[in-house]
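Each protein sequence line maps, in turn, to chains V and U.
Under our numbering, read the first sequence as residues 1 to 182, first letter to last.
Under our numbering, read the second sequence as residues 1 to 616, first letter to last.
Misleading hints may appear alongside valid ones.
So, partial list: chain V residues that the calculated Cβ filter (under 7 angstroms) puts toward chain U [as the list claims (entries may be wrong)]:
id, residue
1, Leu11
2, Arg18
3, Arg28
4, Gly29
5, Gly30
6, Ser43
7, Val45
8, Glu50
9, Gly56
10, Ser60
11, Arg67
12, Asn70
13, Ala88
14, Ile89
15, Lys157
Treat the hints as calculated values from the structure; they're not laboratory data.
Idealized CB from N, CA, C, for every residue including glycine.
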Amino acid sequence: MASSVLGEAALLSDIPVRMSEIHGMAQRGGVVESAMVFGDARSTVISDGEADVLVGFEPSETLRALRKCNKDTVVVTNLEPSPPFTVAIGKGKYPDLDELQKLIRAKTARLIAIDAVKLAREAGNELSVNMVLLGALIQTGKLPIKAETVKEAIRSKTKQAFVESNIKAFELGFSAAQTERN
Amino acid sequence: MHKLLSEQRGKKMLLLGNEAIARGAVEAGLAIGATYPGTPSSEISAAFFEISRESDLYFEYSTNEKVALEVAAAAANSGVRSMAIMKHVGLNVAADALMTLAYVGVKAGMVILTADDPFMFSSQNEQDNRYYGKLSGLPVLEPSSVEEAKEMIKHAFDLSEKLQEPVLFRTTTRINHSTGIVTLGDIAPVKTTGDFVKDPFSYVTVPAVSRNLHVKLLKHWDEAKGLSEGSSYNFTEGNGPCGIVCNGVSYNYVSDAVKDLQCEDKVKILRVGFSNPMPEAVVKSFLKGCEKVLVVEEGEPFMEEAVKAFAQEEGITIPIKGKGPGQFSRLYEFDPAMVRRVLADYLNVAYEPAGVVDVSDLPEIPQRPPNLCAGCSHRATFYIAKQAAAGMETIFPTDIGCYTLGVLPPLSTADFLICMGSSVTTSCGFSKATKKKVISFIGDSTFFHSGIPGLINAVFNNHNFTLFILDNGTTAMTGHQPNPGVEMERLGLSGYGRIAIEDVVRAVGVKEVTVIQPFKVKKSIEAVKKAFEYQGVSVVISKEMCTLYAKQLKLQRGQRYRVTDKCKNHRDCINQLGCPAFYLRDGKVQINPMQCTGCAVCAQICPENAILPIKD
Ligand code: SF4
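Could you build all of it, start to finish, from the sequences and the hints given here?
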């Protein structure tokens with residue numbers, strides 16, 4: 001959803017965009033990895049170490065995807081854990097959130113870590129976590145896309161009933177990222 | 001109106017590769033489409049299924065790929081444009097039809113889409129289906145991008161009509177599941193009905209006829225060669241001394257790498273989009289201007305072998321590389337950095353690889369493997385089977401579907417799997433070759449796809465095993481497509497038949513048939529024990545709707561459950577069921593009410609009766 005809104009915004013801004021998605025049986029609890037490439041590259045895949053921005057919807061997954069980053073990458077992550085089932089059956093330990101942030105901060109250019117679930121609730125729709133993170137992503141200025149254009153894309157891409165909460169969520173994410181910087 | 005039916009010529013849309021392919025076929029005036037669903041091709045069919053309700057397109061979910069291909073073949077031989085859509089391994093199922101359809105040919109355009117899956121994101125192998133082109137003598141087209149896929153599929157129909165042969169359209173996952181900006185074209189009018197003109201000496205493949213048809217196929221092959229030579233999908237770029245031959249997504253990685261390495265003047269690229277037959281004269285003249293050549297293709301050395309053979313014929317002795325140590329692998333998929341690295345080495349230019357962050361000191365991150373959904377009926381069936389088989393030495397042949405996930409602990413109910421339908425047939429072999437109790441699992445859709453002949457074999461040859469048919473009323477794994485057992489009225493669709501699995505099983509002569517409702521655990525275990533005792537073929541039909549599908553249909557779910565303080569922390573629930581709704585808080589088992597679907601299976605197995613419904 002976040003990537004389709006962002007793709008739509010790129011289309012509105014006349015910026016070439018390509019993406020590819022691998023859903024490792026997403027509905028059955030697997031990991032989903034989406035790559036978005038803006039500009040005139042032809043590839044739809046991002047190799048390890050070559051992402052300019054990494055957005056993680058779950059903290060341990062952000063950490064798992066860190067191999068996509070280099071020292072100049074900006075990382076945006078949700079901080080609300082959603083531990084995989086393997087943790088419940090004792091086949092793995094969930095990483096400590098403070099340590100996780102410290103590590104990512106040390107290895108990359110910037111980390112924006114926000115409690116996106118809380119902000120989504122604040123926006124009036126718990127399912128708008130993706131819009132919160134999208135807001136934070138746009139705030140980084142790493143993408144050649146304006147906040148206004150993304151809002152336009154949100155309006156055209158979401159069901160009428162959710163437009164308001166999605167826009168709100170986007171704005172909350174945007175300002176949360178701003179505060180993080182200061 | 002469906003977005004892919006938009007008449008706005010010139011409109012730019014962000015489309016998934018599979019949607020772009022569907023749109024291209026609509027623009028080409030596709031009249032009849034048939035499929036058996038399979039990732040990564042499924043969204044093409046999903047789009048056709050929706051479109052068919054609003055347009056003249058006839059589309060069907062066939063029982064298997066062979067059926068789909070034959071439905072489409074008859075349509076194309078009646079003069080209407082047709083398409084059969086399948087994943088790469090689906091073409092194995094349809095291969096019998098494919099090989100002789102090539103002899104017979106077609107009258108109207110027919111496209112067979114084969115979606116290959118390098119890296120096996122969702123498949124049991126990563127076979128390279130370009131070889132089916134070679135084996136059958138049919139042309140193969142391969143797009144490099146989403147936007148090209150849309151245009152190329154239109155060309156595929158024209159090409160098929162020109163050659164009077166079906167055309168294989170080969171994609172890979174990174175085409176099917178990539179998204180790009182596509183410009184809409186005009187939609188051609190659909191010719192929905194044609195006519196079949198009797199001509200048995202062209203259509204009935206008895207030996208005397210086929211001997212002539214093979215001659216015709218080779219003539220078409222020669223014509224295809226000519227068309228491949230002149231095809232705009234086989235083009236060259238640049239004028240440098242180092243040749244690069246590439247196809248599909250590899251072309252994208254090569255283009256980006258050449259740009260990144262700033263070595264445009266060093267290379268000459270031949271992009272092959274019409275890859276079977278290979279454009280011989282084009283390749284030969286390409287080779288003449290090169291000092292050396294590198295072939296960049298995922299999968300097998302299909303083009304590399306052809307290029308080497310052409311070089312040999314011309315007496316060209318320049319080095320030609322492709323697959324091999326330090327170059328490319330036949331394994332998995334490529335990525336931009338990999339291609340850039342090999343190219344830098346090949347072109348002898350400096351290359352600074354991206355500084356991947358050091359991940360060696362990261363804490364261990366718990367795995368997140370896919371798991372059967374919370375409340376999935378398969379989990380209950382597996383539990384029941386294992387309880388009923390307690391103390392027996394067992395072998396569990398399984399099949400293709402969500403239930404293959406039973407391979408993971410704690411369920412561990414999958415011991416052998418090769419392809420669709422193999423649960424039933426390998427059970428025949430295992431029960432003859434071993435002394436163990438053979439218990440196999442097959443889903444409803446897979447049973448219709450290719451389970452029935454195996455079951456008939458088992459009855460006829462008097463094998464000894466128990467087959468579970470997991471009837472959850474949908475084809476869950478690939479996205480809840482219909483199958484012949486599905487109640488189509490629930491989807492608001494009329495005019496379909498419906499086949500009851502129990503009727504089929506009894507009709508093929510199975511004497512011991514048990515139907516269970518897997519959410520009634522104790523009763524089911526008792527019934528299954530009886531089935532296990534039976535000498536001969538016994539079938540247990542486990543009937544319960546897929547919970548994800550039920551959720552989509554907005555069917556009411558049961559009361560949710562919680563763990564009360566009667567819990568003594570045996571953890572039988574977690575350790576034996578592994579339902580993802582469970583989690584631990586302070587070392588105690590809890591149920592996530594957001595995930596619980598109220599199947600109540602855990603409540604029935606808890607020795608303390610500690611799991612109780614939440615009272616609203
Ligand atoms: S989609 Fe249906 S069949 Fe598949 S795991 Fe989920 S509940 Fe089970």
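To see whether the hints hold, each was checked on the structure:
1. Given hint, Leu11 of chain V at the interface with chain U, holds; its Cβ is 5 angstroms from that chain's nearest Cβ, closer than 7 angstroms.
2. Interface restraint check for Arg18 of chain V: the shortest CB-CB distance to chain U comes to about 5 angstroms, inside 7 angstroms, so the restraint holds.
3. At its closest, the beta carbon of Arg28 of chain V sits 4 angstroms from a beta carbon of chain U; the interface hint therefore holds under the 7 angstroms criterion.
4. Checking Gly29 of chain V against chain U: minimum C-beta separation of about 5 angstroms stays under 7 angstroms; hint holds.
5. Look at Gly30 of chain V: its Cβ gets to within about 4 angstroms of chain U, closer than 7 angstroms, so that hint holds up.
6. Because the closest C-beta pair between Ser43 of chain V and chain U is about 5 angstroms apart, less than 7 angstroms, the hint holds.
7. Because the beta carbon of Val45 of chain V sits about 5 angstroms from the nearest beta carbon in chain U, less than 7 angstroms, this interface hint is met.
8. For Glu50 of chain V, the shortest C-beta to C-beta distance to chain U is roughly 5 angstroms, which falls under 7 angstroms, so the interface hint holds.
9. The beta carbon of Gly56 of chain V comes no nearer than 12 angstroms to any beta carbon in chain U, farther than 7 angstroms, and the hint placing it at the interface is violated.
10. Evaluation of the Ser60 of chain V hint against chain U yields a held restraint, the C-beta minimum of about 5 angstroms falling below 7 angstroms.
11. The restraint placing Arg67 of chain V at the interface with chain U holds, with a minimum CB-CB distance near 5 angstroms, inside the 7 angstroms limit.
12. For Asn70 of chain V, the interface hint holds, the least distance from its beta-carbon to any beta-carbon of chain U being 5 angstroms, beneath 7 angstroms.
13. Because the closest C-beta pair between Ala88 of chain V and chain U is about 5 angstroms apart, less than 7 angstroms, the hint holds.
14. At about 6 angstroms, the closest approach between the beta carbon of Ile89 of chain V and any beta carbon in chain U falls short of 7 angstroms, and the interface hint on this residue holds.
15. Of the supplied interface hints, the one on Lys157 of chain V is violated, with its beta-carbon coming no nearer than about 10 angstroms to a beta-carbon of chain U, more than 7 angstroms.
When the structure is compared with the earlier hints, violations turn up for hints 9 and 15 and for no others.
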